[in-house]
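Offset between the first sequence (1-based) and my numbering: plus 145.
Incorrect hints may appear among the rest.
[Claimed, not checked] List time: in silico DSS-like cross-link candidates among lysine-lysine, alpha-carbon distance up to 27 Å:
no., residue 1, residue 2
1, Lys291, Lys226
2, Lys331, Lys343
3, Lys264, Lys434
4, Lys390, Lys363
5, Lys363, Lys376
6, Lys413, Lys363
7, Lys367, Lys331
8, Lys291, Lys310
9, Lys298, Lys331
10, Lys298, Lys334
11, Lys376, Lys390
12, Lys367, Lys343
13, Lys298, Lys434
14, Lys413, Lys272
15, Lys434, Lys291
16, Lys434, Lys450
[To be verified] Label-pair restraints from in silico Cβ distances:
no., residue 1, residue 2, range
17, Val344, Gly316, 17 to 25 Å
18, Lys264, Lys413, 23 to 31 Å
19, Gln405, Thr445, 18 to 26 Å
20, Thr371, Lys272, 17 to 25 Å
Rather than coming from a laboratory, the hints here were simulated on the basis of the structure.
Remember, it's a predicted structure, so these values are computed and weren't measured experimentally.
By construction, the Cβ of each residue, glycine as well, lies at the ideal position given by its N, Cα and C atoms.
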Amino acid sequence: MYLNISPFRLYKTLAPRQRSGRNSMAPKPTKNKTPSVDPNGIFTGMSVFLVENGVQNRRLQIWKQKLVQMGATIEERLSKKVTHVFAMDLEALLQQIDRERLARFKGPSLPYSPPDLNKNITEIFGKLINIYRALGDDRRSFSYYKAIPVIEKLPFKIESMEQVKGLPGIGKSMLDHIQEIITTGKLSKLEHFETDEKVRTISLFGEVWGIGPATALKLYEKGHRTLDDLKNEDTLTNSQKIGLKYFDDIKTRIPRHEAQEMELLLQKVGEDILPGVIILCGGSYRRGKASCGDLDVVITHPDGKSHIGFLSRYVKRLKDMKFLREDLVFTNHSEEVT
DNA sequence: TTACGGCTCGC
DNA sequence: GCGAGC
DNA sequence: GTAA
């Protein structure tokens, strides 16, 4: 059992959080009772209002239950007692506020999102993320990835290294980079990468599904320079050939409404094969994005066992009807009882 | 100097 | 066992 | 790359 917090945004309000029972002698919750309330739960003292807008009902129920279990109290209306507001996203929250005409309600304080004052820096770091990943230096790539949100949160334009010294994820090299960017407007390191044919080629090849840093390097060393060159390369794996063949298609994002149509189709076909099967799209679609890079699909069945053997039949059906065309990878996970 | 995620699949 | 994707 |  786990608690997935991510889809909800937590908007802290101005109301003081009442701490209660923190240091009391209250016993730990008993193990045999699932819905018991933990007086020392992490949400103790929170008065929560849930914006139901855009949240699936079942999910809402689970959330209420968990919040209460972990010490929170649920408020039915957005009163002054409320210390925290949960909403699917800012939009849902604003709609709710509008609906309740809460102009006079003091709070919630909306998440502060400064305009990208330091876009000059984060844009360059963003490019380095991709380059280092293409080169196989995931660790370094990840370091830039972590530095970006730290810089983005700053409410001012960085004008000297002192202003960012000591920030988490900003070490000596980052400071040097920032210094160079604020004085010259560019980063010679990046300029170098971007003009380097080897780096450029490896980055390009790495965009093909199934080609990673090692393979990209080998292909480069073989003399390949363009995607066209790769078409004549017979060492490519099946996945890589497909990745190449559908290079543009795979990169094309899926508009949300299309993802929605596909989800519906997937559900219908699933129901046809196995009544009662639950099929939902997750990932960026579930998070409400306007477009999706791919479609993540979760398949379950309430009886906990008839999922066995479902996937292969399902995939076959989807291929027969030409919804699916190719395979990049196979898995047999769903064939097993576990 | 060391850790930075762990697992499955293709080959 | 390596490379790759998630 | 950063941080321990």
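- Message: The hint says 18 to 26 Å between Gln405 and Thr445; measuring C-beta to C-beta, is that right?
- Response: At 20 Å between Cβs, range holds.
- Does Lys363 lie within 27 Å of Lys390 when you go C-alpha to C-alpha? Answer holds: Lys390 to Lys363 is near 20 Å, not above 27 Å.
- Query: Do the Cβ positions of Thr371 and Lys272 conform to the proposed distance bound of 17 to 25 Å?
  - Reply: At roughly 21 Å between Cβ atoms, Lys272 and Thr371 fall inside 17 to 25 Å, so the hint holds.
- Are the Cα atoms of Lys291 and Lys226 separated by 27 Å or less? Distance ~36 Å between Lys291 and Lys226 Cα, so the pair is violated.
- Message: For Lys363 and Lys376, compute the direct alpha-carbon distance and say whether it is at most 27 Å.
- Response: Roughly 15 Å between the alpha carbons, so the hint for Lys363 and Lys376 holds.
- Message: For a C-alpha distance cap of 27 Å, please report whether Lys434 and Lys291 respect it.
- Response: 22 Å, holds
- Is 23 to 31 Å right for how far apart the beta carbons of Lys264 and Lys413 are? Violated, at about 44 Å.
- Given hint Lys363 paired with Lys413 - CA-CA distance at most 27 Å: At roughly 45 Å apart (the allowed maximum being 27 Å), Lys363 and Lys413 break the hint.
- Message: For a C-alpha distance cap of 27 Å, please report whether Lys413 and Lys272 respect it.
- Response: Violated - the C-alpha atoms of Lys272 and Lys413 are around 42 Å apart, more than 27 Å.
- Quickly compare the C-alpha distance for Lys264 and Lys434 to 27 Å and report which way the hint goes. 22 Å, holds
- Item | Given pair status - Lys450, Lys434, alpha carbons within 27 Å | Not OK: Lys434 and Lys450 at ~32 Å, beyond 27 Å, violated.
- Task: Please work out if Lys367 and Lys331 have their alpha carbons no farther apart than 27 Å.
- Result: 33 Å, violated
The structure is inconsistent with the numbered hints 1, 6, 7, 14, 16 and 18, although it conforms to all the rest.
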